Structures are given as structure tokens and as C-alpha cells.
Amino acid sequence: MIVKLLSGDTPRSKILGAILLMILVALALAPFLFPGIRSVDTAARICVFILLVASYDLMLGYGGIVSFAHTMFFGMGAYGVALASTHMGRGYDALIVGAVAGAVLAAVVAFLIGLFSLRVRAIFFAMITLAVASAVAVLVSQLSGLTGGEDGLNYQIPRELTPAFKFGGEVMGVKLNGKLLNYYLVFGGSLILFLVLLRIVNSPFGRVLQAIRENDFRAESVGYRVVNYRTAATCISAAVAALAGSLYAIWLRYVGPDTVLSFEIMVDILLMVVIGGMGTMYGAVIGATVLVVAQNYLQELMEVASNSVEGVPLLPQLLDADRWLLWLGILFILSVYFFPTGVVGRLRAGK
Amino acid sequence: MSDPILKLEGVYTDIAQYHILQGVDLEVPRGGVTMLLGRNGVGKTTTLRTVMGHWRAKTGKVLLDGQDITTLPTPQIARAGVGFVPENMGIFSDLTVEENMILAAVSGPIDPARLEWVFSAFPPLKTFWKGHAGNLSGGQKQMLSIARAMVEERRLYLIDEPTKGLAPAIISTMARALRELKEQGASILLVEQNFSVAKALGDSCVVMDDGRVVWSGEMAELATDAGLQERLMGLSMEAHQ
Amino acid sequence: MSAAPKHAPTMAKMSFADKIGPWLPMLLVPAIMVLGLASIPSMSSWLTLTVSGLAMGMMIFIMASGMTLVFGLMDVINFGHGVFISVGAFVGVSVLMVLASMTEAPSLVLNLLAVLLAIIAAAIATGGLGWAFEKVIVKPVYGAHLKQILVTMGGLIVVEQLIVVLWGPEEIYILRPQALQGAITFAGAALEKYRLVAVAVGLVLFLGMRYVLRSTKIGLIVRAGVENGEMVEALGYRLRLVFVGVFVAGSALAGLGGVMWGLYQEVITAHMGQQMMILIFIVVIIGGLGSVEGCFIGALLVGLLQNYIAFIEPKAALISNIALMVAILMWRPQGMIPVVKAK
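Which chain is which? The protein sequence lines are A, B and C, in order. Residues 1 to 351 in our numbering are what the first sequence spells out, letter by letter. Residues 352 to 592 in our numbering are what the second sequence spells out, letter by letter. Residues 593 to 935 in our numbering are what the third sequence spells out, letter by letter.
FYI, nobody ran anything at the bench for these hints, they're computed from the structure. Certain hints may be false.
As the list claims (entries may be wrong) - Keeping only pairs whose Cα atoms sit at most 20 Å apart, straight-line, the calculated DMTMM-like set for lysine to aspartate or glutamate is:
no.	chain 1	residue 1	chain 2	residue 2
1	B	Lys515	B	Glu438
2	C	Lys739	A	Glu214
3	C	Lys809	B	Asp462
4	C	Lys933	B	Glu438
5	C	Lys739	A	Asp216
6	C	Lys907	A	Asp151
7	B	Lys533	B	Glu467
Predicted, not measured: the structure shown is a model, and the values here were computed from it.
Please construct the entire structure, taking both the sequences and the accompanying hints into account.
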């Protein structure tokens, strides 16, 4: 049953399996295990990023395509929900319309970009997505009439998903309210979509993608239309990223360029997928969990380190809490060089 | 044949997961044309590319004039005096004929006397000296490719199928030029599918099959022994006659 | 490949389209100027915008040229190229601040000298950084595009953060040297002096680069290497050394462009290079990856279009570049001047 849910793609390493199970249980019971607004927020962020990074892995790790527009697709889903909720009024119909519209738009845009770049050279895709994504990000902050500009949008979601909705009293000291339901919507949505992605990469389609990644000339000569497969992977990946964005927008009840469109998020996604392990799907789970947790607590750690070396030239600036990206960048380069298969690859190799 | 200019000892070369050369032993004597013959896909081009260092021998040795060049970088092999005319001609089509030739003269400006000799062998190159190499016809490109190797005196010339796909008139120009080169005392290792050209030019001969050398000896011996030809090279020779 | 039927020397026949083809992109620059003239009502605004578009284009070209050559030669795609722009700008501006007495003096000679010193310092710094970047970041991932993109992006992040460590997180505002401030009036149009200088510098660099590529042996090796690196090596040239040289030169040019861009914007940030990369990518893609001429034309097109559109419909300026890219890729999927690649 479980193997079937995982589409036969088991973790293939006892330690990895144990870690994944731990993460699953922790996320499933997060509101009860780690009560408190900040930790539940972190848990929801982890769920969304696992999905987002897994969808990116479909493109990068399985399709061998580098995209810098994943935040753009993420943002399309988020803004879809935000705009629908703003203009249609609060309601589930707005959430559904927004999410579907965002996903469709993301797939269409991905298709168009693929049309212009993948047909010529796969690296065009990386360059063009970077250009298009930046243009869109600027556009979103400029069109403040529609998107709220830099301030973003606040909107209402159905009452059942907000803290104001209460049902029953408390369980294990946790208030049963709409926020809890909202969390389980995010958790459940992410889990289901993750399993769908797992199914896709283990389908015949996914196997062809992997063959293309290994050797696109051979795949082409065997008769697969490489461009079509890559384009399809890109579209699916974009649509799932948009759905992740929709879940995030439902959770936050706010969207803004910094939270869903910024280049920093793109960098985060890259770090997560590389550190977790490209082309494994489970790498997304590990990468997203580790990095989201690290970002929340690493900065505090660096603060301490920075203070302790006060007076030494340059060191305090290097260890400044705002410089965590410096160290993640170094970690990123080292991972690409020395363990391109990431944590998952390492664990599997060492089983 | 005491002191060969080029010697391969038990060379194995892999390309990706394919074992292309499986223990090639061959000698190119100093002075004269050594033909490298064999059916398509037996490793002739790979042998030349391994000598040039484009592909690396997994095991075995490549000796140029007694010096081990097996692991030398390609540019150093070239500067050790090896002129290479690759299968695809390697013309820089964005450059003019003149610029192609300037690049080919690695050790300095082109020697005018030698250039005149090249022009006399390949008159079209003089006509289109300032033209883009990309606009040359197929035969003219092949001339340029050989001319680039000829523009300086090399210790060894590696020439891969100079007559492939060319009209008979141009083939005879090629053959004449190679003969002149040979008469100057050059050592040439020549891959050739056209057996009549091979017969006319070759002094000694090496035949390959399945990544190995299966026969070597005098060209004259092979040329007169139809049975041997049939046995060594099979159908492909008929196709080329 | 067809053989000539007789041994009579004939060049392969070229059709009219083949002959005119390579020149078409060059005609696009005047064409877009004429279009601009037609849609901008006032002649003097058109002149102002044209000069500013050309200046912008020249600076983009300086910053982008190294990247396109690096790609052409070794098939290396450097997503970190933009960081040389930022580093160049910070080094150059620091030098200018030290030389404040020269930049504030109302003497054109002293001002230009200060700018020259700043540019040289920036070029040396970014050239050196480029050399290190090539050794540490790029060399281990030759031949693997995916890793190249990831690792060079990582390099960009790290160096950008180091800029912040060294110069602080705040943007730095700068004033152009005294004599380069303000504008001159020509035919009723106000032309900023600095932009004229930028056009001149860009033109000189372009012609210089063309001279090196067309008329020196190094240039021949580079051009030949873009088409068929293996054959260049088989002739006896160490392509790897040439490549490192081009990488360093390209980084130095990006640094130089960074100083000029910083003075143009009168503000510099650690992210400026990363932001420029967007325009640079558009320019090298539409120019044809690996082609210096294509890069030059592409940069001028982007510069002019951006300025015209910003005047006509400011909100469309950003999208205009994307639209230009789409239009050109529909016309020529490999870019305006596709680079011939052997094999």
C-alpha cells in the first residue's frame, strides 16, 4: 500500500527512510508537537517549499533544464488566489478559480518560453527565464493598481480557514480553530501533489525524461522527441509550482513581491534542490526542511558568532547575520562540486 | 625500416563506453606514404585522432620519432611536427583562405617559396586567397585543408580520407599534390578508401579490422594480390571501385 | 557538400538572400532610429533619446562582449558574469572618491584622467577576479552546462555578498566629475556630456576589439576557436590559455563597463551587475551566442528601444526588450548573427 502510494519509488536507504518518516510525522502533527504561531508558520512554509522544490526537481533533476522563473510560476499561483479573492470576494470558489487560473497561466507561459528556447538550445531556457522572470517581477511592482505594487495584497479567505472560526475546545492544549484547518489544507494539498509528482517521475514519461537527461542524442535517436518531453516537463513543473503558490497564498492571506516573487526565493529553491539531491524527489523534502529550519535559526546562531568575534577585523562582518547567503552560497558551490547527488544521494550510496 | 617516424604499441582507445581500438600496433617508416586501410568503422580515424591526442589511449604507447607523445596535450603534439588533415577537414569557414593559412603556419610567417609551391599544387587557393573559406566548394576546402598541413615542413603528416566525395578531376589533383609532398621526403600516414589512389601513392600499407591491425607490408604486395584484398577488406573495396 | 564539377576555380554560388543576409542585422539599428523618429513628435527629444540610447547600448556592449566570446570559445556559460560589473563599479568608485580633488577640479583633463585611473583600477581588479573565478569556479565544470549554470550562479552570490562585507550594504551615490556634468545643446537638443563620452568610449572599444579579432594572430585564433576549437589545438595553439585570456579580458571589460554604468546611473549597489545580466542575456541571445558583432548590434537595439519606449510609454519599457527578443528569435532562432559551429 505504502509502496504503491510512493509509486514504487521507495527511499532505498534505511536512514533516509527514517528521516523522511520523521519529517512526515513532524509535519503531520506540527500544530500539536510544536504549538506556537512561529513554529506552525515554519511548518506550513516547509510543506509549501517541499512541493515547490519537488516541482523544480522535476524540471532540473529529471529534465536537466535550469529555470530561473520558478518563483514567477509560484507567484502566478499566489497572485491568482489573491486577485480572485480580492475581486470575487471571500469564498472557496475564489480560491479554486484563482488556483486553477494561476496553474493554467503558469503552464501556458512555460510552454511559450519553452517554444522559444528549448527548440534551439537548452541553455537558452535558463537565460530567457531569468530575463522574463525579472521583467515580470518589476512589472508586478509597477502595476500597483492591480497587484498592490511593492505593498502586495491582503485579502479575505473563507472564514472556516481563519483563526476566527472555532470548533470544539482544545486538544492537547491546542485550540481547534480555522487556522488549524488551514494548516491541514496546506499539509494535505502539498502531500497529495508531492505523491502526484512522484507518480509522474516514475511513470514511463518520467523514465524517458531521465533517459534524455543522461543522453539526449541517444534518446532522440531512439525516437523520442526530446523537445516535446522537455516542454511537457516544464509545463507540469510550472503548474505544480503555481499550485504551491496558491497554497502559500491561502496560508498567508497576503501576497507581495518579496514573499513570492523575489530572486532570493529562487536562490533558496536552488539551494534546497541541490543540497537535498537533484533528481530524487525526496531531496526536495530534505532540502526544504533543512533550509527553512536553518534560515529560521541559522541567523540567530550567526548573530552569536558575530558578537563573539567582535574587534577582529572583517570577521564580524563575514559572520553578520545578514550574510548567511554568503555561507549558503559557498555551501552551494561545494555541494555542486563534491556531492552533486546531495544528501539523498549520499545516504543511498552509503546504505 | 629500422627507425620508424611513428610507432604505436598496443594502443587501446575507448570512446564513451565503446572499445574502439583494441591493441593497435603499427609503424610508419621515415619517408614515404603509409596507407591505413580497412572497412568503415574499424578504427582508422580513431587511430589518427589518438595520435593527435584528441582522444586518449587508455593503455599503450604512441611514439613520435622515438619520443613518447601518448599523454602530451594536442597543441604540443602538433608543435612536435605533426600536420593533421582531419576527416571533416576542420576548415575555419568564418576566416579567409589567407587567415586559415596564417594560422596553419605555427612557427612564424609563411615562407613565400613554400607558399608558391602550395599554390602550384592547388591553384584555386591563390585565386580565392582573400575569400571566405566557407564559400569554397567541397573540393577546394579539401585542398585548403591539405595546404594547411603542407604550409610548413612537418615530421609527419596525418591525412584522413582526402578524396572522400570528390570528383575524379579533383582526386587526381590531390594525388599529384601528395606525390609531390612525398617526393620531398615527407612521411605520410594516409587513410584512404579509394583503392586506386592507395595503389598509386602507397609505399607501405597497414590494414585494420575491428580495432586491430590485421596485416601490414608493402603496398605492392597487397595491390597485386586480389585474394588478399578480398580477405582483408571484403566488400567495401568493391564498392569503391 | 557537393564537389565542383570541373577543376575550374569557382566560388560556390551565393544567392541574393545569402549575400544580403549577414548585413540585415546591421540595418536594424538605423531602421529602429527611423521608427523612433517617426513616433516621437519632436526632433530634439528624438536626438536626446537617440544619444542616450546609443550610450546605453555601448555600455551594455562593453559589459556583454566578454560573456558572448567566453561562450563561443569554450561553450562556457557564465551566469556570474554580472558580478564583475558590480566589483568594477565599487573599485572604480572607490578610486574616484580617493581622487576627489581631481574629480572636483573644473578641468576636463584632470577629470578624464581620474576616470581613466578609476577604469584602469577596475579593469585590473576585475581581470584578476576573473582569473581566479575561472580557476576556482569555472574550470572544474567544463563541458557540463547544468553544473556551470548552478556553480557560476553560486559564485555570483558569494562575490556579491563579499562586496557587501567590504563596502557595506548601503548603495553608494556618486557625482560625475565636474566637467562631465551637465549637457551641451546641439540642434536644440540637450545632450548630456557624459553620454557623449560613453558613446565615444564604447565606439573606441568596439573598433579596438574588432581590430584585435580581425587583424592579429590572437584574434584569428579566437575566431577560429569559436568555430572549431579542436582544430585550433591540432594546429598547435593552446586553446585553454587563449580561453583564460579571453575570460580575463571579458571580466576586465565588464568591470570597466561597471564603472561607466555606475557613473551613468550615479548610484551603485552590489546587485547592479545581477540586474544588468537581464539586459546582457537578452543582448547576447538576440545577437547570436558567440558573436561580437551580433552583441554590438543587439546592445544598440536594446539601448535605443528602451529609451524610445520609455519616452512613448514608460510602463512598456521593460516588456519592450522581451518583445524585441521574441521578435528576433521568431525571425532567427539562433540570434541575428548565428555563429558557425563545426560538427
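Violated constraints from the hint list, given by number and in increasing order: none
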